[in-house]
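Kindly generate the complete structure, drawing on both the sequences and the hints.
So the protein lines, in turn, are chains A and B. For what it's worth, the numbering used here labels the leading residue of the first sequence as 1, then goes sequentially. For what it's worth, the numbering used here labels the leading residue of the second sequence as 1, then goes sequentially.
Source of the hints: derived by calculation from the structure; they are not laboratory data. Ideal placement from N, C-alpha and C gives every residue a C-beta, glycine not left out. A couple of the hints might just be wrong.
To be verified - Which residues of chain B face chain A? A partial, calculated answer using Cβ under 7 Å:
hint, residue
1, I29
2, V68
3, S126
4, F132
5, I133
6, F136
7, E205
8, F206
9, Q298
10, A300
11, I308
12, I309
13, I315
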Amino acid sequence: VVTFVVSLIGGFSLGGTYALIALGMVLVFRATETFNFAHGELMLLPAFIIGYFQLHNTMPFVPALILALAVTGAVGALFYLLVLRRTTGLSPFIGLIATLGLAAVMDGAMTLIFGSNDFSLTIPALPKGVVVIFGARISAASLVFTVLTLVLGGVVAGVLRFTHLGTQVRAAGQNAILAAQGGIHVRRLYTASWVVAAILAGIAGVCYGSVNIVDLSVTQLALAAIPAIMLGGLDSIEGALVGGILIGIMQGFVAGYLGGQYLDVITYSVLLLVLLIIPQGLFGTKQVTRA
Amino acid sequence: VKGINKVSGMLSKLRVRPVWFGVFAIAVIVLFMTGTQSSFSVYVLDSVLLACLGAIALNLLMGTAGQVSIGTSAFLLLGAFSSVFFIRSNIPLPAVIVLSVLVCGVGGLIFALPALRLRSLFFALSTLSAYFIAVFCGNQYEDAVPGAGSGGFQINPVFPSVDLARSQQYWALLLAVLVILLILVVSRLMRERSGRAWRIIREHEFIAPVLGVRVSRYKLIVFALSSMVMGLEGSLMAYFSGSVTTDEFTLQLSILYVAMVLVGGLDSIAGAVIGATILTALPIELPQLLGHVLNPAQAATDGPQYAIIVYGLLIIVFICSSPRGVIGWLWSLRRSRVASNIENWMPSLFSRASTPDEAPAASAAEPSAPEIVP
Numbered sequence: 001v002v003t004f005v006v007s008l009i010g011g012f013s014l015g016g017t018y019a020l021i022a023l024g025m026v027l028v029f030r031a032t033e034t035f036n037f038a039h040g041e042l043m044l045l046p047a048f049i050i051g052y053f054q055l056h057n058t059m060p061f062v063p064a065l066i067l068a069l070a071v072t073g074a075v076g077a078l079f080y081l082l083v084l085r086r087t088t089g090l091s092p093f094i095g096l097i098a099t100l101g102l103a104a105v106m107d108g109a110m111t112l113i114f115g116s117n118d119f120s121l122t123i124p125a126l127p128k129g130v131v132v133i134f135g136a137r138i139s140a141a142s143l144v145f146t147v148l149t150l151v152l153g154g155v156v157a158g159v160l161r162f163t164h165l166g167t168q169v170r171a172a173g174q175n176a177i178l179a180a181q182g183g184i185h186v187r188r189l190y191t192a193s194w195v196v197a198a199i200l201a202g203i204a205g206v207c208y209g210s211v212n213i214v215d216l217s218v219t220q221l222a223l224a225a226i227p228a229i230m231l232g233g234l235d236s237i238e239g240a241l242v243g244g245i246l247i248g249i250m251q252g253f254v255a256g257y258l259g260g261q262y263l264d265v266i267t268y269s270v271l272l273l274v275l276l277i278i279p280q281g282l283f284g285t286k287q288v289t290r291a
Numbered sequence: 001v002k003g004i005n006k007v008s009g010m011l012s013k014l015r016v017r018p019v020w021f022g023v024f025a026i027a028v029i030v031l032f033m034t035g036t037q038s039s040f041s042v043y044v045l046d047s048v049l050l051a052c053l054g055a056i057a058l059n060l061l062m063g064t065a066g067q068v069s070i071g072t073s074a075f076l077l078l079g080a081f082s083s084v085f086f087i088r089s090n091i092p093l094p095a096v097i098v099l100s101v102l103v104c105g106v107g108g109l110i111f112a113l114p115a116l117r118l119r120s121l122f123f124a125l126s127t128l129s130a131y132f133i134a135v136f137c138g139n140q141y142e143d144a145v146p147g148a149g150s151g152g153f154q155i156n157p158v159f160p161s162v163d164l165a166r167s168q169q170y171w172a173l174l175l176a177v178l179v180i181l182l183i184l185v186v187s188r189l190m191r192e193r194s195g196r197a198w199r200i201i202r203e204h205e206f207i208a209p210v211l212g213v214r215v216s217r218y219k220l221i222v223f224a225l226s227s228m229v230m231g232l233e234g235s236l237m238a239y240f241s242g243s244v245t246t247d248e249f250t251l252q253l254s255i256l257y258v259a260m261v262l263v264g265g266l267d268s269i270a271g272a273v274i275g276a277t278i279l280t281a282l283p284i285e286l287p288q289l290l291g292h293v294l295n296p297a298q299a300a301t302d303g304p305q306y307a308i309i310v311y312g313l314l315i316i317v318f319i320c321s322s323p324r325g326v327i328g329w330l331w332s333l334r335r336s337r338v339a340s341n342i343e344n345w346m347p348s349l350f351s352r353a354s355t356p357d358e359a360p361a362a363s364a365a366e367p368s369a370p371e372i373v374p
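Below is the structure:
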């Protein structure tokens, strides 16, 4: 029972992180048809910034968090404005490869600036200690973050689904020309999508980093969110949440019952199976598989 | 530009295929460098020649046949580890390489049979899972077989009786012969029926069967071929570096090969060679160049990071300004009939072939250069 509960709750907390990552990636895919391989770097950047300030005791947490998320959002916006705007109308692959370039630049720059250190983040006003559920000891902080990431993901998905702004974003993603004719500032929305996606990635990174250690391996997390995205459907916001949680729980059980060395191979085998059997995902449209 | 036109006009009157000039240039450069340069430069040359093998293979797969793959590392790993397996079974050297290449060909076929049903982005993502599965298998093998220390499996040198500098030179000659053979074979494949089939699959996969092209057969062939060449490179890498671990075969390495093909120029062997040269020499040479600006110790530690930044920037710059890479950029200097043909079909590579109504938008976004016939 203990292993089961640990697996389930560990899976949920991973799943919340995956859901946030997947949400950001789906958001930019729907807006600019770009599959973002630099998402992991966008997660790592704010975690590194906060970790750096905390290590040198130069800035308290809240301003550091705001600064870090602002920088991350700015990187997302700049990347869209400087690079992706020029590749509009070309194949999605062009954008994908450009994000590989961004990932390389950010990797190199972050290692130069922050060194290849590990940072550990401490967030004030966070419950310390452990909670015992059915005999399983679970850290209170990770429970808080699980709830936080899931609620945040739900809120963003809800905004995109039900508000006027969300409708505009989805319209701009589906047909930029018609949306522009309808009076929507397409470019502004695309930029905003990148900013929001980058900030979501940043929050996911900070949440993950405050429970675990922050180093370059955090970027692997964004790659592991790819199966979650494909499972939910590449163009589905709700799918990103559901897929993220499902993959997180699956990883929790694999780590709990089989062992950590099987994590990657099983996660990516699931990706392969999803691609082969239901390429449109659980909630996605068939259309996207032709892209 | 006029001078270039004149020279190219003279060359085309000689009625020799351009590939022979490239082969000749490689032979001259390799002979010159092995004869005169320091052993470090020859080491760089060896690394470049090794990378050329994989880059040419990926160019065939990604540039000519249009199947973007980020699974290059998977097949390098498969090649290296099957070499380790065959060496441990006491099989002599040439047979080890041949068998490893065959293993990679079979591995490529097994993976491609289901994966080639997928298209574009979905295929690329499936190669990502191939990469992780290959790494898992490599790790399991390392755990299961005794003899892999912290440095991985050790492999005896190929040229045991000579010193290091001399063996680097032998390697350069051996690799040059292999690269030249590969270039001749691939240029022939790209020129003939198979090349036309791959290009029509790349441009219009749904039209290809109407024209009598067996799509799945040609896709399988190109995937198996490129896997075999990548396996060859992996096997040679194992012998060249003398040790094999799964840690060498990162996802970054796969992406580096994509960058090589892209920076050099898609669907062009010369482009693959140029891209492999730039992106392999860059991380080795950049720390040395930086040593003149920064202090040497700092340059040595930070150099690789600067190299990563430069290569990321190169990708972004080429994607934005010249999606046809260095070769496309050179062609636009040499405005001949051939160039205009290339300019006409290269843009369509990145337009969305599956949605014909959007094709005009793509070609408008990237206008082909005006055809100027002198």
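Status of each hint after checking the structure:
no. : hint : verdict
1   : I29  : violated, 28 Å
2   : V68  : holds, 6 Å
3   : S126 : holds, 5 Å
4   : F132 : holds, 4 Å
5   : I133 : holds, 6 Å
6   : F136 : holds, 4 Å
7   : E205 : violated, 10 Å
8   : F206 : violated, 10 Å
9   : Q298 : violated, 10 Å
10  : A300 : violated, 14 Å
11  : I308 : holds, 3 Å
12  : I309 : holds, 4 Å
13  : I315 : holds, 3 Å
Hints 1, 7, 8, 9 and 10, counting from the list given before, are not met by this structure.
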